[in-house]
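Asks: Residues per chain, in single letters:
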Amino acid sequence: MNKEEIKRALRKIVKNPTAMLGFVLLIIFIIVAILAPIIAPPDYPIESNLKEVEDALDDFDLSKKTDILFYFNNYLNSEYQFIMMDYPDLMELKDTLTKYEKNEVSFDELYFLTSELASYYIIDRYYLNRLTENVNSALKELKREISRQENIYKEAIRIKTEIEKLENTSDNNFKKQAETLHKNIYKSYIKKINYDPYIMRKVTNRNEPQPPSSEYKFGVSGGRDIFYGVIWGTRTGFKIGLIVVLISSSVGIFLGSIAAYFGGIVDEIIMRITDIFLSIPFFLGAMVITTILGTGLDKVMISMTVLGWMITARLIRGNILQTKNEQYVLAAKAIGVSDWKIIIMHILPNTIFPVIIQASMRIGGLVITAAALSFLGLGSPQGYADWGSILSYSRDWMSPENWYIIVIPGVAMILFVLAWNLVGDSLRDIFDPKMRM
Amino acid sequence: MDKNNKLLVVENLKTHFKTEDGEVKAVNGLSFELDYGETLSIVGESGSGKSVTVLSLMRLLDENGYIADGKLIYKGEDLKNLPDNKMRKIRGKEIAMIFQEPMTALNPLFTIGFQIMEPIKIHLNKKDKEAKQMAIGLLKKVGIPEPEKRVDQYPHELSGGMRQRAMIAMALSCNPKILIADEPTTALDVTIQAQILELIKELQKEYGMAVIFITHDLGVVAEVSDRAVVMYGGEVFEQGNIIEIFKKPKNPYTWGLMNSIPRLDLEKERLWAIPGSVPSAAKFPKGCKFSNRCFLKDDKCINDHPELIEVEKNHLSRCFKIKELENEIIKVRSGDSL
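Protein chains in written order, with our numbering: chain V, 1 to 437; chain U, 1001 to 1338.
These aren't lab readings, by the way, just hints derived from the structure by calculation. Any given hint might turn out to be false.
Pairs of lysine to any residue residues, derived as SDA-like cross-links and limited to a Cα-Cα distance of at most 20 Å, are as follows [unchecked claim]:
#: 1; chain 1: V; residue 1: Lys-299; chain 2: V; residue 2: Leu-321
#: 2; chain 1: V; residue 1: Lys-12; chain 2: U; residue 2: Arg-1059
#: 3; chain 1: V; residue 1: Lys-333; chain 2: U; residue 2: Met-1103
#: 4; chain 1: U; residue 1: Lys-1093; chain 2: V; residue 2: Gly-285
#: 5; chain 1: U; residue 1: Lys-1018; chain 2: V; residue 2: Asn-325
#: 6; chain 1: V; residue 1: Lys-333; chain 2: U; residue 2: Asp-1062
#: 7; chain 1: U; residue 1: Lys-1127; chain 2: V; residue 2: Lys-175
#: 8; chain 1: U; residue 1: Lys-1121; chain 2: V; residue 2: Leu-330
#: 9; chain 1: V; residue 1: Lys-333; chain 2: U; residue 2: Lys-1283
#: 10; chain 1: V; residue 1: Lys-324; chain 2: U; residue 2: Gly-1065
#: 11; chain 1: V; residue 1: Lys-333; chain 2: U; residue 2: Gly-1256
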């Protein structure tokens, strides 16, 4: 694509108001998604010891050195005390496990040790019950649990050595070192408690919606801040749309090109499989697959990918078959262009644009489907920032005075879909050679 | 020994297609020779096998088509057995081709400059800049005004005649020895047709290349060629010097084609036409393939298959009724002069 082409494309966008609107909307959504942590800052959890360290560092003098070290050690104790104590017992269990697998100890010994550990709450009773039900899978689960706890222990040791290092740092470097360590430990704390900024925090325990106010700009639904959900939901929307479209389109392009290229029996088999998949109603199929796999955003994405590749496959196959017989392909052959160059230069560019356009238009639709699944409770987990989930909180409260719980996330969704459709449309105008004039 | 001096010798070419109805013999025993700088026309209605002949020559047949028999000797080498990579070096460089539909024969996504540069880059190993200069020179040569501007334009920005000129520039870019023109004027306006024919003739003289014209229009044949092969149903019906054929046609089919040309110098109520149309490949009559449409046919024509015979020196025809045709022609022509 040369400069002239780009200029022409830009001129086309600027001249066409709907295309302009599409691109502007999309750019706004992209900016919102990128700046989400600034527009709607997540409410990071506070740990009292680390907070004390932070305060001391803000207003630092050397007299506070012992305080800081004290709070660091205090944090280590409060968070990792148990694992430090439990670690030898866990290692014993691990040993016994390996020995049991080599038949060096009996099942009774293993069971006894496990029950002992369970009675001290070192491991969950659940594993004990599993051992009586299904030994093999219980062993696997136990191993996973042990290695998880081992990782926590390693983290504890790491923090401990870091703190010891800090103790021996000279006074000049102390502040800087302490600041890095604080950041470091806070990060590990966030990870340890599994904090996810995508989860909308609960701002109230009351379930009824609250209208927009200065504190909650878009109101509160299901006890959660709608503003936060809408902003972070933009990221979810992009995540769902782009990932599903990218994977399903790649699968479609791959299968469609293979079918068109090889023809014959391969074509027949692939296209019949495509037909079978196409005969499944999309929404119903997505519901069934999500239910089988279990709820969750990733499961929704899997089900939409599984049911989303067929149109692309058909499209690219048809286009390749048609382009293959175009006279310019024959003309290119007649001037001695090699086969792979014909495929890459003459066939693919003439077939790929409809697929790209179709994919960009599909992104909007996929977000709607994901929202519908979330609305039915099959999509994202409780409180996940996703437009569909926010809508699902409104199920029990739909009435005109509660308009904001539906209209606000609904408008966000409509604009998102509209943006992609308009962009897809203008892409067609720009790239479709038949519409060039 | 004579044959090795010829540029191209096609001997008993047979091209078959595998279809659901069985094997279709699209070209059945075609032979001709082509000298340096000579022009040969292959004439026939749609479905007579003329396009298949040149596609066989270029080895660009569809997947279900194949050369069943015969020789395609180009400069002493049989193209039929050439490996693909060597054949690719012949296409575009030694034998170039222009197509009927300039609308569809150029890729809509690339500028015409890019498409003219493609064979130059492939065969002559030129860099972009030099290739572009050559493309501009070629566009000038084929009579496109403002070639510096046109070179960066897309096919849709050019008129049909311009596009055909661009196609010709593309075909000439590597100075081929043979130019195959597959109905190059069919899709163009009458005024443009004459220009394009004139252009091809001029360029042929300048480049000294041989031209194979594929056409259904005997008017075009008379205009440009030295010799002609008239094909029907995949078989040669008449072959010879163009003046001989026009003066003394030896086949009712050729005679029919000649009478189908509109003529301004004769006052006729209606234009004469060959009755019926070319049957599909599997449905030709079993005797003479033209027997169901021929005005001279009798039982012999319907039951027996005529062979190609040399009626006069270098003038071949496939017909049982050459005598009757001669009488008929004398009758009609004396009527004309009255």
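Asks: Determine which of the earlier numbered hints do not hold for this structure and return their numbers in increasing order.
Replies: Violated hints (numbers, rising): 1, 2, 4, 7, 9 and 11; every other hint is consistent with the structure.
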